[in-house]
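What follows is the residue order along each chain.
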Amino acid sequence: MPFKFRKRESVSRKAVLLVPLLSFAVSLLFGAIMLILSGADPVVTYLAMFGGAFGSTHGLSEVLVKSIPLILTGLSVAIAFRMRFWNIGAEGQLTMGAVAATGAALFWSQGWPSWTIMPLSIAAGCIAGGLWAGVPAILKATLNVDETLTTLMLNYVAVLYSEHLYYVTWRAPGRNSGTERIPQVAWLSRFLGRAHTGIFFGLALALVLWLIFRYTRWGFELKIIGSNATAARYMGINIARNIILTLLISGAISGLAGAVEVLGLTRSLQQGISVGYGYTAIIIAWMAQLDPLGVIFVAFLMAALLVGGDQIQMRMRLPASVGIVLQAMLLIPMLAGGLFRDYSLHWERPPKTDGVAGSMQADGMEAGGAED
Amino acid sequence: MMRRRMLMLVALALVASLVVVACAPTPEEDETPFQTAFVYIGPPGDMGWTYEHDRGRQQVEAEFGDAVETTYIENVEQGPDAARVIRQYAQQGVDVIFATSFGYMDSMYEVAEEFPDVIFEHCSGYRTRDNMATYFGRMYHPRYLSGLVAGSMTEVNSIGFVAAFPIPEVIRGINAFTLGVRDVNPDAEVRVVWTNTWYDPVREREAAVALLDAGVDIIAQHQDTTEPQKAAQERGALSIGYNSDMRAFVGDTVLTGPVWNWGAYYIDTIRDAMNSDWQTHQYWGGLEDGIVLLADFSPRVPQDVRDRVATAQQAIIENDEVFCGPILAQDGSLMVAEGECMSDEAMLNMNVFVEGVVGTIPQ
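Residue numbers (numbering that gives the first Met the number 0), protein chains in the order written: chain A, 0 to 371; chain B, 0 to 362.
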């Protein structure tokens, strides 16, 4: 395996400057070629997209609306990926967070003082998301079950379960789907149209995680586990415990994303909550190089691309598929640029001995065994 | 540090490039035609529900030429995304917005309040405002007729029905179809499978396959695409189409089907809006208006069945008696007494199956 998702120890200043710029230029060029082939003027299209995202208060508000779940799930994925735990389950964790937040606001907080309903809902969302990620984490830490599969499969369970709730069990009388609205005391307040205070959870968490990664022992442990699990074990780092702890936090953040989506935006459990944020989050985490502050930027750009992307259909009269292809065309070079740098370092070097470069799966297994 | 700097650069590069782009000249519009927009749940290429709405939109273009401009957006999720898209159209100065899925109702209702000068038209819902109307068709008319065909042609007396959501619209369609089936074949049953989606080619197909596995020999449906019909054809079974004349896309195994014909409604509505004659309304036209039709027959349908359908069709146009008693409910209790007919309101809130349907409505 010549390729490793591992950060190089030092990156030349030139590469830091050139790679993203070149990637972006290539992105625009790829996109332009695709647009010309579809019969559209690329300049007018890019202008329409920019105008759609930032040309009005409404556009900006909608970019913020999309940013909120993208920042939170992006952080959730980034924290797990830091230790090379492939949490593909942010979508399901978000969905379970939305389910639990709705359940807490509508049903489980009966008899509690009204001011407690919002914090209870948010806490319920975090706990549900954490548990949804905790199951794969425990399976990984104790039995070395591949987390890519377990987290992915649990997405389908979560989404279907939420559908069952809002179509059947929790459906409001007289509605085709969707629960009753949650009580107003649980609503997050809005500004600039539909943007809501959930954004501050994202910004604050990003800052806290950045500080943790930079200054705490735990942040350091995650980094070591991610870059070399065997070395981490020799240093006395408890890998199994870290897997479980990190994933509880990762899942809780995705659960929070689902909770604020309900409390701030939809105000009920309904269709349109699970629209793929948890998968977009994987792209965001990588493009941000797993840096929490970077996640904010990339999530914001991604939200702008999604909202501006509406204009490809509305103004440019191109089919939706062109919009999706264009978005991919813009993203691929940006992603490839970053990853290419990471790969190239290890491509040059001869592989180290198996014991040192061994995959995390094996190390996780040994660590789990050592724990007993 | 470096990674963050990189991100800053990416952001700067994006802004810089867009500033360059922004300096480019914008094409100016000479005149402002009347602006209309359509919001679709699937793509026009679904060959079914959205295909028919888009055919209506094209008829609008053909009718008005340069005087009316139409635009559409496809694959819009129900929920928060729909509200964003509808609001965006309203803000861009669109004069009339048509939202063509039931699930857009609450989003459109919310946005309509903010834009009193824009006309909002919602297909298949029930919430209205001074500037928001609803429109739909009495699809149960041709559904009943298609039931006559299916009931005549099933050999195993078991017909499958792939159904989207357990809401009155769909339940009413299943019931009308079943009444038609049982009027010609009292031994036949209609088995229902819910998909909980309007547009999902894979789920629609899987539901049809499950019904075929259960032994039905004809597939009917209330979905957006042709997938249930294709699944039936691949298994050597017959089908009843929906939305569009699916025989054109699938083949002669599609015996006929209840279909939409939106063009006239869209043209009339837009003309009213242009002449400032538009008023809020709840339009629900039937076979007599031509907004719903029965598609042409497959060559497989024998003449005596066609004659029977023609007679029934004339009867419905003259006097709509599809939901007139005696009608028994699924559990055998009396649903509509002899000599009585269901009111529009009762039909719009229908939530029990008639006798002959096999399946449950989640309550």
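Just so you know, not all the hints are guaranteed correct.
[As the list claims (entries may be wrong)] Derived list of chain B stretches under chain A, where covered just means 3 residues or more per stretch with a C-beta under 8 Å from a C-beta of chain A: (1) 59 to 73; (2) 262 to 273.
[Said to hold, decoys possible] Which residues of chain B face chain A? A partial, calculated answer using Cβ under 7 Å: (3) Glu76; (4) Gln90; (5) Phe164; (6) Ile166; (7) Asn195; (8) Thr196; (9) Pro361.
Note that these hints are calculated values from the structure, not bench results. Every residue gets a Cβ at the ideal spot worked out from N, C-alpha and C, and that includes glycine.
How the hints compare with the structure:
Interface restraint, the stretch 59 to 73 of chain B with chain A: holds (4 residues with C-beta to C-beta distance below 8 Å; minimum three). Counting residues of the stretch 262 to 273 of chain B whose CB falls under 8 Å from any CB of chain A gives 0; the rule of at least 3 is not met. Because the beta carbon of Glu76 of chain B sits about 5 Å from the nearest beta carbon in chain A, less than 7 Å, this interface hint is met. Annotation: interface hint on Gln90 of chain B holds; nearest CB of chain A at approximately 6 Å, less than 7 Å.
Because the closest C-beta pair between Phe164 of chain B and chain A is about 6 Å apart, less than 7 Å, the hint holds. Taking 7 Å as the C-beta cut-off, the interface hint given for Ile166 of chain B holds, the closest approach to chain A being about 4 Å. Restraint check, Asn195 of chain B versus chain A: the minimum CB separation of about 6 Å is within 7 Å; hint holds. Checking Thr196 of chain B against chain A by beta carbon gives a least distance of about 9 Å; that is not within 7 Å, so the hint is violated.
Taken as an interface hint, Pro361 of chain B checks out: its beta carbon lies about 4 Å from the nearest beta carbon of chain A, inside 7 Å.
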